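Trainee: One-letter residues, chain by chain:
Number of protein chains: 2
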Amino acid sequence: MANFQVNILGCGSATPSARHMPSCQVIDFRDRLFMIDCGECAQLQMMKQRLKFSRLSHIFISHLHGDHFLGLPGLLSTLALHEKGGSLTIHTFAEGVRVLKEIMAVFCRETSYEINYNVIKVDRDVIFEDHAIRVETFPLYHRVDCVGFKFIEQPKLRHLRGDMIKFFNIPVSRLQAIREGADFVAEDGRVIENSRLTTDADPSVSYAYCSDTMFDPRVAADVAGVDVLYHESTYADDNAHKAAPRGHSTAREAGRIAAKAGVGKLVLGHYSKSYDSDLPFAREAAEEFPNVITASEGLKIDLL
Amino acid sequence: MANFQVNILGCGSATPSARHMPSCQVIDFRDRLFMIDCGECAQLQMMKQRLKFSRLSHIFISHLHGDHFLGLPGLLSTLALHEKGGSLTIHTFAEGVRVLKEIMAVFCRETSYEINYNVIKVDRDVIFEDHAIRVETFPLYHRVDCVGFKFIEQPKLRHLRGDMIKFFNIPVSRLQAIREGADFVAEDGRVIENSRLTTDADPSVSYAYCSDTMFDPRVAADVAGVDVLYHESTYADDNAHKAAPRGHSTAREAGRIAAKAGVGKLVLGHYSKSYDSDLPFAREAAEEFPNVITASEGLKIDLL
Numbered sequence: 058m059a060n061f062q063v064n065i066l067g068c069g070s071a072t073p074s075a076r077h078m079p080s081c082q083v084i085d086f087r088d089r090l091f092m093i094d095c096g097e098c099a100q101l102q103m104m105k106q107r108l109k110f111s112r113l114s115h116i117f118i119s120h121l122h123g124d125h126f127l128g129l130p131g132l133l134s135t136l137a138l139h140e141k142g143g144s145l146t147i148h149t150f151a152e153g154v155r156v157l158k159e160i161m162a163v164f165c166r167e168t169s170y171e172i173n174y175n176v177i178k179v180d181r182d183v184i185f186e187d188h189a190i191r192v193e194t195f196p197l198y199h200r201v202d203c204v205g206f207k208f209i210e211q212p213k214l215r216h217l218r219g220d221m222i223k224f225f226n227i228p229v230s231r232l233q234a235i236r237e238g239a240d241f242v243a244e245d246g247r248v249i250e251n252s253r254l255t256t257d258a259d260p261s262v263s264y265a266y267c268s269d270t271m272f273d274p275r276v277a278a279d280v281a282g283v284d285v286l287y288h289e290s291t292y293a294d295d296n297a298h299k300a301a302p303r304g305h306s307t308a309r310e311a312g313r314i315a316a317k318a319g320v321g322k323l324v325l326g327h328y329s330k331s332y333d334s335d336l337p338f339a340r341e342a343a344e345e346f347p348n349v350i351t352a353s354e355g356l357k358i359d360l361l
Numbered sequence: 058m059a060n061f062q063v064n065i066l067g068c069g070s071a072t073p074s075a076r077h078m079p080s081c082q083v084i085d086f087r088d089r090l091f092m093i094d095c096g097e098c099a100q101l102q103m104m105k106q107r108l109k110f111s112r113l114s115h116i117f118i119s120h121l122h123g124d125h126f127l128g129l130p131g132l133l134s135t136l137a138l139h140e141k142g143g144s145l146t147i148h149t150f151a152e153g154v155r156v157l158k159e160i161m162a163v164f165c166r167e168t169s170y171e172i173n174y175n176v177i178k179v180d181r182d183v184i185f186e187d188h189a190i191r192v193e194t195f196p197l198y199h200r201v202d203c204v205g206f207k208f209i210e211q212p213k214l215r216h217l218r219g220d221m222i223k224f225f226n227i228p229v230s231r232l233q234a235i236r237e238g239a240d241f242v243a244e245d246g247r248v249i250e251n252s253r254l255t256t257d258a259d260p261s262v263s264y265a266y267c268s269d270t271m272f273d274p275r276v277a278a279d280v281a282g283v284d285v286l287y288h289e290s291t292y293a294d295d296n297a298h299k300a301a302p303r304g305h306s307t308a309r310e311a312g313r314i315a316a317k318a319g320v321g322k323l324v325l326g327h328y329s330k331s332y333d334s335d336l337p338f339a340r341e342a343a344e345e346f347p348n349v350i351t352a353s354e355g356l357k358i359d360l361l
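As you go down the protein sequences, you meet chains A and B in turn.
For the first sequence, the numbering used here begins at 58 and goes up steadily by one.
For the second sequence, the numbering used here begins at 58 and goes up steadily by one.
The following block holds chain A by itself, in its conformation from the complex (with noise of 0.2 Å):
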């Protein structure tokens, strides 16, 4: 279990290839588990690197390309063969929650487990949110409808000063309320400002998905300022005159995302399997961006 881990089970593109497994991610956030698209084999990836099935309450699917989704029937079927309990909410597109409801009516026909289906659409969008953590949608600019995602920690309580609390006398059923920014009223009548006691909150940290995508500085607007952004790089520059017609970006592209987005780290996926290497992606962008990681099935990014 993690604060706020990000895990890399496939970042290979449309097919999977000896070295990378199509795309798939999983977040680890406190007790539960949040799965970014669900290329094939992405329960296998889930066992490989110990992500518990029962953890996991939902599914966010970026857009309707095998690649993202062809995971999906295969691990809800094995969650109810290991009788996973609770539930399971998966984000997808109409067309999507069609086919799956097809699917699973012939290889899952009961489930241990409760799927609801949350209907996306191509929009700005909070999808999910509960007291820790926002999901919110941004379009993406691919082939076909396309959205990515946004992690964003909701905003933290701020930090009490001991002293200050201990100085007023202060009860203990007025903490919560002053670490939420209130001022104390003391007996008699006297305004304690919250500034005299408290400390700034930690910042909420975020953390941004994108892919697939051609290049499009709408998507630096979106992401804007994240702590890490996943961005997908299909292609080097050699073979740059690929990635707009096919609904892609270069690495160099992605980098120039991150930099005019002012992202903290910049994580590349979703290679060509052309490739043998993943050195002239995580050259090249960090051409255009310093702070450049290639993501591999197995990574793991801690934000928290």
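If you're looking for bench data, these hints aren't it; they were derived computationally from the structure.
Honestly, I wouldn't trust all of these hints.
No copy is singled out in the list; a pair is fine if it fits within one copy or between any two copies.
[To be verified] Within a straight-line C-alpha distance of at most 30 Å, the following computed DSBU-like cross-link-like pairs (lysine-lysine) qualify:
1) LYS357 x LYS105
2) LYS207 x LYS141
3) LYS178 x LYS158
4) LYS330 x LYS141
5) LYS141 x LYS299
6) LYS109 x LYS299
7) LYS105 x LYS299
8) LYS105 x LYS223
9) LYS322 x LYS207
10) LYS322 x LYS178
11) LYS178 x LYS223
12) LYS105 x LYS330
13) LYS330 x LYS357
14) LYS105 x LYS213
15) LYS322 x LYS299
16) LYS223 x LYS322
17) LYS322 x LYS213
Being a predicted model, the structure only gives us computed values, none of them experimental.
Since the structure of chain A is provided, determine the placement of chain B on it from the hints.
Mentor: Structure of chain B alone, referenced to chain A:
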């Protein structure tokens, strides 16, 4: 390219494990590949085992459980991306054809090759044959409709006796008929019997695939005398009580079928993921039938 070689791509049961992939085999038969069952990740296993997509011509699905079917959508879509040409025939039950068409309509709208569907039934039937090989179905006894497959070389031609052909001065145009068993009528009307001109043809080899099924003596009758029998052995003796209620067999039961059927070799597989060694299967089956092989991913069995 092999003459007649069975390749094991997956021999685990319902859920993949760290040790075994879901069911898939490929018969490498001269210029073509015949796939039997297509569990998730079959396309990846084909790549790892260097079985060329371009040679795949038929896929036979034994029953509609996910671990025997759900590799199909990804494989078919990858074949299109690899621009496979020619045609591919998928032999499966009607409901499998229906759901596959639904999936393909979303995830693989265009293919570079022709897909043919052959709807099969739980029956004893010849579902494919050409000059070199014949594929037959026979009933298995599982929780859902399920068939086994027999791959049988067509009868071969007799061997010519070079000395006799020369002695009787037989023209080349007659040799094919003689290899097929015809007598030779000389110009003077004398009949030279075929048995003086030829020796026996090589025997036709045969392979039978039984997965999934509970123990049933009718299976032994259907696979009588095959050279190699693959028979599921989901459980060892320690879990024998689970086998029949779940429509599966133990390794010992597989051994009994092999002995009763008088096969050449028995290959075990479809192991439950609750075992961390294949040895109990081998040991217990061998107490019933001497010539046992335990399947594992990457294993190749040459029949010719």
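Trainee: Does each hint hold? Answer for all of them.
Mentor: Status of each hint after checking the structure:
1. LYS357 x LYS105: Classified as both; 13 Å inside a copy, 25 Å across copies.
2. LYS207 x LYS141: Cα proximity of LYS207 and LYS141: one copy only (27 Å, versus 38 Å across).
3. LYS178 x LYS158: Answer is both; intra-copy 18 Å and inter-copy 25 Å each pass.
4. LYS330 x LYS141: Between copies only: 17 Å across, 35 Å inside.
5. LYS141 x LYS299: between (43 Å within a copy, 21 Å between copies)
6. LYS109 x LYS299: between (38 Å within a copy, 26 Å between copies)
7. LYS105 x LYS299: between (34 Å within a copy, 27 Å between copies)
8. LYS105 x LYS223: neither (50 Å within a copy, 66 Å between copies)
9. LYS322 x LYS207: Result: close within a single copy only, 14 Å intra versus 56 Å inter.
10. LYS322 x LYS178: Close inside one copy (28 Å), not across copies (56 Å); limit 30 Å.
11. LYS178 x LYS223: So LYS178 and LYS223 fail the 30 Å test inside a copy (51 Å) and across (80 Å) alike.
12. LYS105 x LYS330: Both: 22 Å inside a chain and 14 Å across chains, each within 30 Å.
13. LYS330 x LYS357: both (22 Å within a copy, 27 Å between copies)
14. LYS105 x LYS213: Result: close neither inside a copy nor across copies, 33 Å intra and 48 Å inter.
15. LYS322 x LYS299: Classified as within; 26 Å inside a copy, 52 Å across copies.
16. LYS223 x LYS322: neither (41 Å within a copy, 82 Å between copies)
17. LYS322 x LYS213: within (22 Å within a copy, 66 Å between copies)
Checked against the numbered hints above, the structure breaks hints 8, 11, 14 and 16 and satisfies the rest.
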